[in-house]
Every structure is written in structure tokens, then in C-alpha cells.
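K.L.:
Below, each chain spelled out in residue letters.
Number of protein chains: 2
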Amino acid sequence: MTLILALDFGGTKLAAATVNTGSQKWLGYERRLSPTNANADTDLEIMRSLINSLLKGAKPEAIGVSFGGPVDATTGKVRLSHHVLGWDNVPLRELLEEEFGVPTYVDNDANVAALGEYRFGAGQGYDSLFYMTVSTGVGGGWILNGKPWRGAEGMAGEIGHMVVDPSGPVCLCGKRGCVERLASGPYMAQDVREVLRNEPPRRLGRQGGEILTELVGDNLELITGRVVSEAAAAGDNLAKEILYRASWALGVGIGNVANLMNPQRFVLGGGVTKAGENFWEVLQRVARETALPEVNFEIVPAALEDDAPLWGAVALAEDVLGLF
Amino acid sequence: MTLILALDFGGTKLAAATVNTGSQKWLGYERRLSPTNANADTDLEIMRSLINSLLKGAKPEAIGVSFGGPVDATTGKVRLSHHVLGWDNVPLRELLEEEFGVPTYVDNDANVAALGEYRFGAGQGYDSLFYMTVSTGVGGGWILNGKPWRGAEGMAGEIGHMVVDPSGPVCLCGKRGCVERLASGPYMAQDVREVLRNEPPRRLGRQGGEILTELVGDNLELITGRVVSEAAAAGDNLAKEILYRASWALGVGIGNVANLMNPQRFVLGGGVTKAGENFWEVLQRVARETALPEVNFEIVPAALEDDAPLWGAVALAEDVLGLF
Numbered sequence: 001m002t003l004i005l006a007l008d009f010g011g012t013k014l015a016a017a018t019v020n021t022g023s024q025k026w027l028g029y030e031r032r033l034s035p036t037n038a039n040a041d042t043d044l045e046i047m048r049s050l051i052n053s054l055l056k057g058a059k060p061e062a063i064g065v066s067f068g069g070p071v072d073a074t075t076g077k078v079r080l081s082h083h084v085l086g087w088d089n090v091p092l093r094e095l096l097e098e099e100f101g102v103p104t105y106v107d108n109d110a111n112v113a114a115l116g117e118y119r120f121g122a123g124q125g126y127d128s129l130f131y132m133t134v135s136t137g138v139g140g141g142w143i144l145n146g147k148p149w150r151g152a153e154g155m156a157g158e159i160g161h162m163v164v165d166p167s168g169p170v171c172l173c174g175k176r177g178c179v180e181r182l183a184s185g186p187y188m189a190q191d192v193r194e195v196l197r198n199e200p201p202r203r204l205g206r207q208g209g210e211i212l213t214e215l216v217g218d219n220l221e222l223i224t225g226r227v228v229s230e231a232a233a234a235g236d237n238l239a240k241e242i243l244y245r246a247s248w249a250l251g252v253g254i255g256n257v258a259n260l261m262n263p264q265r266f267v268l269g270g271g272v273t274k275a276g277e278n279f280w281e282v283l284q285r286v287a288r289e290t291a292l293p294e295v296n297f298e299i300v301p302a303a304l305e306d307d308a309p310l311w312g313a314v315a316l317a318e319d320v321l322g323l324f
Numbered sequence: 001m002t003l004i005l006a007l008d009f010g011g012t013k014l015a016a017a018t019v020n021t022g023s024q025k026w027l028g029y030e031r032r033l034s035p036t037n038a039n040a041d042t043d044l045e046i047m048r049s050l051i052n053s054l055l056k057g058a059k060p061e062a063i064g065v066s067f068g069g070p071v072d073a074t075t076g077k078v079r080l081s082h083h084v085l086g087w088d089n090v091p092l093r094e095l096l097e098e099e100f101g102v103p104t105y106v107d108n109d110a111n112v113a114a115l116g117e118y119r120f121g122a123g124q125g126y127d128s129l130f131y132m133t134v135s136t137g138v139g140g141g142w143i144l145n146g147k148p149w150r151g152a153e154g155m156a157g158e159i160g161h162m163v164v165d166p167s168g169p170v171c172l173c174g175k176r177g178c179v180e181r182l183a184s185g186p187y188m189a190q191d192v193r194e195v196l197r198n199e200p201p202r203r204l205g206r207q208g209g210e211i212l213t214e215l216v217g218d219n220l221e222l223i224t225g226r227v228v229s230e231a232a233a234a235g236d237n238l239a240k241e242i243l244y245r246a247s248w249a250l251g252v253g254i255g256n257v258a259n260l261m262n263p264q265r266f267v268l269g270g271g272v273t274k275a276g277e278n279f280w281e282v283l284q285r286v287a288r289e290t291a292l293p294e295v296n297f298e299i300v301p302a303a304l305e306d307d308a309p310l311w312g313a314v315a316l317a318e319d320v321l322g323l324f
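If you read the sequences in order, they're chains A and H.
Under the numbering used here, think of the first position of the first sequence as 1, with each following residue one higher.
Under the numbering used here, think of the first position of the second sequence as 1, with each following residue one higher.
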């Protein structure tokens with residue numbers, strides 16, 4: 001029995017867990033929100049306290065780490081975080097190896113979550129798969145030949161910025177009609193807000209936006225991706241339209257990826273993928289139409305959800321120990 | 001010194017060559033056009049005669065084969081040819097192994113050409129690369145970790161049917177705005193023909209189509225992708241517009257692939273890529289704009305051109321012999 005420590009630096013939350021190799025049940029599990037004015041030092045301080053309360057003096061054999069931002073997985077050095085200041089070029093693996101004296105492996109969250117779903121979740125037995133998370137952003141991670149494919153410089157998996165509609169709305173990245181621009185929760189919320197500001201609900205007709213505004217008590221700032229999903233489920237036409245566009249964009253993206261890489265399986269996680277049956281039907285249909293008829297694949301929901309990065313971190317630690 | 005036999009069943013042409021391993025110069029090289037009413041049997045007959053005139057009784061140690069259509073590389077069975085009848089489910093590897101009594105490996109032309117450019121051409125030293133051919137169709141092949149990535153069922157590399165403009169013209173595959181629909185030679189020719197039929201040159205103004213029609217002596221049927229390139233180089237605005245759209249589509253496709261897979265290098269071959277400096281400038285710029293700023297890559301012209309499949313076939317044969 002080998003004790004593994006798994007860490008998840010998630011941008012808005014921090015989590016740590018312990019497990020014995022071979023087990024699929026956490027021994028211990030700690031989780032805390034990152035404070036709004038967090039920086040790398042406070043994140044590390046919080047993580048230390050989570051670890052201490054988990055380990056209680058015990059020593060793990062290896063540490064696996066998921067980090068919410070670009071990482072050089074070969075050196076374990078963080079490149080930066082888009083959410084938390086002070087992470088630029090932090091040698092996270094080195095820090096942890098010095099502090100805990102055990103082998104450590106660090107990779108970015110999408111790659112780690114892909115590995116988690118592959119080893120412990122909805123990807124078990126599928127040696128080639130693409131994992132996607134659709135929530136505040138849209139990201140992805142590859143398993144090819146049963147191993148993570150990180151790309152030449154660790155940047156693979158960025159399906160979020162695949163252009164699927166060059167005449168679509170402008171994305172923060174400067175391009176138009178990226179998958180993330182059309183399918184992420186905050187962008188969906190932004191788009192319905194903008195429509196509602198320019199065109200109040202009663203003029204939209206056919207229930208366009210009425211249910212939406214009701215759900216947030218007329219405070220448009222409270223609209224989120226989840227509210228859009230709820231309003232769509234309740235029959236709001238504006239919300240349905242925006243959600244349709246999101247599932248369409250994901251379907252085109254997935255179909256394009258299927259043509260390009262021919263993986264066996266797509267595993268989709270993240271809050272937006274909870275948007276209901278209709279969302280999944282559109283996504284499956286559009287992906288199928290976009291892929292060539294002779295290209296086969298399945299699209300399934302993720303199984304581990306928020307814990308995918310932690311389970312992937314366990315897999316990283318097992319790999320470091322040569323257990324796989 | 002080990003004698004290798006390389007075969008290329010190309011759809012419109014057949015080629016065979018011999019080489020000693022380690023050499024980059026053909027010992028012998030034979031090539032013939034496939035007759036217009038060819039079928040699998042006539043192709044095989046022609047190939048046999050090419051082989052006999054090459055080998056003159058000598059026996060190769062291994063055979064590598066490039067086939068212009070989907071192949072199950074693990075069994076060496078051809079799935080079908082889109083150009084020549086009678087290839088459905090032909091066990092090409094088995095046939096050749098029985099006839100020549102030596103180990104044989106068969107794969108589809110895009111995968112094989114990718115391997116050729118990697119081992120002998122513009123991809124040497126680049127362990128992750130995407131090879132693309134842009135001519136009568138648009139196809140591609142992967143090298144990842146120094147090895148071909150064929151996909152779960154041998155279908156990887158189909159960038160030709162990546163959708164880059166969902167409001168673009170309809171492709172034979174049923175979708176709109178595929179890369180192949182916008183960038184292949186025959187489709188470019190078709191599109192300028194259609195414009196010229198609806199709108200004769202003198203009404204297009206600013207030299208739109210005048211140079212084009214002059215180049216083909218008013219016989220629009222003679223317009224090809226190459227004619228479009230020539231007319232664009234000579235300043236024809238209609239040809240320039242269509243060619244711009246082709247390079248734009250390829251640029252978006254390449255940028256999307258860079259985001260998704262992060263390969264080191266893109267190697268581009270095929271007739272359309274000979275369209276000149278402006279074509280390459282647009283393609284490079286659009287690819288750079290489409291990829292995220294932190295995703296690095298190079299796009300370079302193929303080095304082996306028409307011989308890429310044959311050199312790739314040599315590499316397949318070397319692999320079969322365990323020489324790599």
C-alpha cells in the first residue's frame with residue numbers, strides 16, 4: 001500500500017486529497033476557496049494547511065499536482081496563472097519536492113483531468129480520447145496511445161480557441177467565433193445580457209428573455225451560464241437560442257477534432273454540459289454531421305467532474321512511481 | 001546493404017522504386033499513369049510490370065506501400081479507393097507478401113507522405129509534425145513522438161473536411177466551408193467558372209476574370225487550380241480573391257490544428273502550395289492570428305513533393321525490418 005498525495009490548484013479553489021494506490025476512495029479530502037485577492041504565496045500557504053491537516057505527519061510516496069494554467073510538465077515549472085497573480089515561472093515541482101522530499105509531477109488541469117477520466121472515469125479502456133471541460137472557459141486534454149499528449153511545448157488541447165464561425169462575435173483572444181466565445185458560461189451570459197439591454201423582453205416576443213429576467217429578479221448582472229440553461233429548460237426562447245449556438249459550436253469543434261485525430265471517445269465535463277438533454281442532442285447531432293461518415297466516435301459525459309484533476313494527479317503520482 | 005522496394009498506388013498514377021537502406025538516392029524508379037478506365041486488377045497488373053522491370057529478378061528485403069485511399073494499416077487491407085474501382089477490401093499486404101515472400105507494410109498516402117517528409121524531407125528532426133497535401137483534395141498525416149499517428153481506426157488527418165466557414169459554399173461531403181471546399185484546385189476552378197458564367201469579365205470590372213478567360217482562350221472548362229494561380233499572379237482580381245480565400249481557409253485550419261495539437265512544424269505539399277509568395281504570406285499570417293500567441297509553430301513547404309509517398313514507403317519498409 002502506497003500513500004499518494006494529490007493537489008489541485010484550481011484558480012478559484014484549492015483541493016488536496018490522499019489515497020492508497022489501487023483504491024478508488026479518498027482517505028482524506030480537503031477543499032477551500034481561494035480568496036478573491038489571492039496570490040501564489042497565499043495559495044501555497046492555504047495548500048500547506050490543507051496538506052498538514054490531511055497528512056498529520058504521515059509521508060506520501062509521491063505527489064501529483066494539477067495546476068489551473070500553463071505548465072512545463074517536463075520541469076514542473078508553472079508558466080503563469082490567468083486567475084491568480086504571482087505564479088509566473090514558479091518552480092512548483094521543485095518547491096514541493098524540497099518541502100516534502102518525495103517525487104512530484106505537475107501538469108496543467110486539462111491534461112491532468114483527461115488523465116483522471118482515462119484512468120478512473122469515463123475514459124477507462126479508451127486509449128485515444130479527448131477530454132473537454134466547458135465551464136468558465138473551454139479547454140481540453142489528450143490521451144493518445146494511453147498516454148497524455150501535451151504537444152511540443154505543453155500547449156495542446158486548446159479547442160476553446162478553435163474558430164468555428166469566422167463571422168461570429170469577437171473573443172477576448174481577438175478572433176471571431178471561437179468555441180469558447182460561443183460555448184462558455186460567462187460568454188453566454190454576456191450575450192443574453194446584451195440582447196436584453198438593447199431589446200427589453202416584452203418586445204422580443206414569444207417569451208424571449210422573459211423567463212430569464214424573471215429568474216434574476218430583473219438584475220441582469222446575476223445572469224450566469226447556469227441561469228441561461230435553466231431559462232432554456234423552462235422554455236425561454238432567447239436562452240434556448242444562445243444555448244443552441246453553444247451546443248452547435250461544441251458539435252462543430254468536436255466533429256472537426258474527430259476528422260483530424262480520429263480518437264475513440266470524447267469525454268465532456270464542466271457546468272455547461274449539465275444544460276440538459278436538448279443541449280446534448282444538438283451537440284451529438286452536429287458533431288456527427290461535421291465528422292466524415294466513416295469517422296466513428298462516442299461523446300460521453302465526464303464521470304469524475306470536479307474531482308477529475310485530483311484523480312488525474314493521483315495517476316501522475318502513480319506514473320512517477322512507475323506503477324503504470 | 002538492404003534492398004527496399006517502395007510502391008505508390010496513387011489513384012491517377014502508379015510508381016515503384018528501389019533503394020538501398022541508408023541511401024537517399026533511388027537505385028531504380030518507374031512510373032506510369034493509371035488508365036482512365038482503370039480498376040484494381042489493371043492497377044495491380046501495371047504495378048507488377050513496373051516491379052519486374054525494376055527488380056530484374058533481384059529480391060527486396062521488404063516492401064513499403066503507399067495507397068491513395070483509406071487503408072487498415074494494421075492488417076494492410078485496403079478499404080476502398082475514391083478514384084479507382086474494385087479496391088474495396090483488397091488485402092493488398094497479403095497479396096504482395098504471398099507474391100514476393102517478404103514482409104510488407106501498407107498505409108494510406110497522406111500518412112505515408114508524412115512519414116516520408118519526416119524521415120527524408122522537410123520534417124527531419126521534428127518529432128511532432130503535421131503534413132498536408134493541397135491539390136485535387138486536401139489531406140493530412142501526423143507524426144507524433146516520432147511515429148505516425150493514424151487514429152483509432154486509421155482515419156486521422158482529415159483536415160480537408162474541417163469546417164472553417166459554416167456560411168461558405170457547400171462541399172461534396174454535405175457541409176459548408178470545409179478547408180477542401182475552399183482550398184483544393186478543382187473547387188477553386190469551379191468557383192471562378194461559376195462567377196464567370198453568371199457575370200462575364202467585362203462587367204466584373206477591375207480586371208476581374210479577364211486574365212483568367214484569356215489564359216484558357218474563353219474555354220472555361222480548361223480552368224484549373226493552376227490556371228487560377230497563374231491568373232492571380234498576373235493580377236486578375238477574381239483569381240486573386242479565390243486564391244486569397246484558399247490561403248485564408250488553410251491558415252485558419254492550420255491555426256486551429258496548432259491550438260489543438262501544438263506540433264512543432266507543418267509541412268505543406270501539393271500543387272496549390274506552388275501558388276506563389278502572396279499565397280504563403282496570407283496563409284502564414286492567418287495561421288499565426290488563429291493560433292494563440294503562446295502556441296509556436298513553423299509552416300514550411302514540403303521537400304519531396306511527388307516522391308513523398310515513395311520515400312515514406314521506404315520508411316515503412318525500414319520499420320518493418322526493425323531498422324528504425
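Wrong hints could be hidden among the right ones.
16 angstroms max Cα-Cα, derived EDC-like pairs, lysine to aspartate or glutamate [stated by the list, open to error]:
| # | chain 1 | residue 1 | chain 2 | residue 2 |
| --- | --- | --- | --- | --- |
| 1 | A | K25 | A | D306 |
| 2 | H | K175 | A | E294 |
| 3 | A | K175 | H | E289 |
| 4 | H | K13 | H | D41 |
| 5 | A | K59 | A | D41 |
| 6 | H | K274 | H | E294 |
| 7 | A | K13 | A | E30 |
| 8 | A | K13 | A | E61 |
| 9 | H | K175 | A | D306 |
| 10 | A | K77 | A | E97 |
| 11 | A | K274 | A | D306 |
| 12 | A | K175 | H | E294 |
According to the in silico footprint, chain H covers these stretches of chain A (three or more CB under 8 angstroms from chain H) [as the list claims (entries may be wrong)]:
| # | region |
| --- | --- |
| 13 | 34-45 |
| 14 | 48-55 |
| 15 | 232-239 |
| 16 | 278-287 |
By construction, these hints were calculated from the structure, which means they are not laboratory data.
The C-beta atom is built at its ideal place from N, Cα and C for all residues, glycine as well.
K.L.:
Work down the list of hints and note, for each, if the structure agrees.
P.N.:
Against the structure, the hints:
1. K25(A) with D306(A): 15 angstroms, holds
2. K175(H) with E294(A): With a Cα-Cα distance of about 15 angstroms, the restraint between K175(H) and E294(A) holds, given a limit of 16 angstroms.
3. K175(A) with E289(H): 8 angstroms, holds
4. K13(H) with D41(H): 14 angstroms, holds
5. K59(A) with D41(A): Roughly 23 angstroms separates the two Cα atoms, so the pair is violated.
6. K274(H) with E294(H): 29 angstroms, violated
7. K13(A) with E30(A): 11 angstroms, holds
8. K13(A) with E61(A): Violated, at about 25 angstroms.
9. K175(H) with D306(A): 36 angstroms, violated
10. K77(A) with E97(A): Holds. K77(A) to E97(A) sits at ~12 angstroms (cutoff 16 angstroms).
11. K274(A) with D306(A): 13 angstroms, holds
12. K175(A) with E294(H): 15 angstroms, holds
13. 34-45: violated (count 0)
14. 48-55: With 0 residues in contact (Cβ-Cβ under 8 angstroms with chain H), the coverage given for the region 48-55 of chain A is violated.
15. 232-239: Coverage by chain H is violated here, the residue count being 0 at a Cβ distance below 8 angstroms.
16. 278-287: violated (count 0)
Violation of the numbered hints given earlier is confined to hints 5, 6, 8, 9, 13, 14, 15 and 16; the remaining hints are satisfied by the structure.
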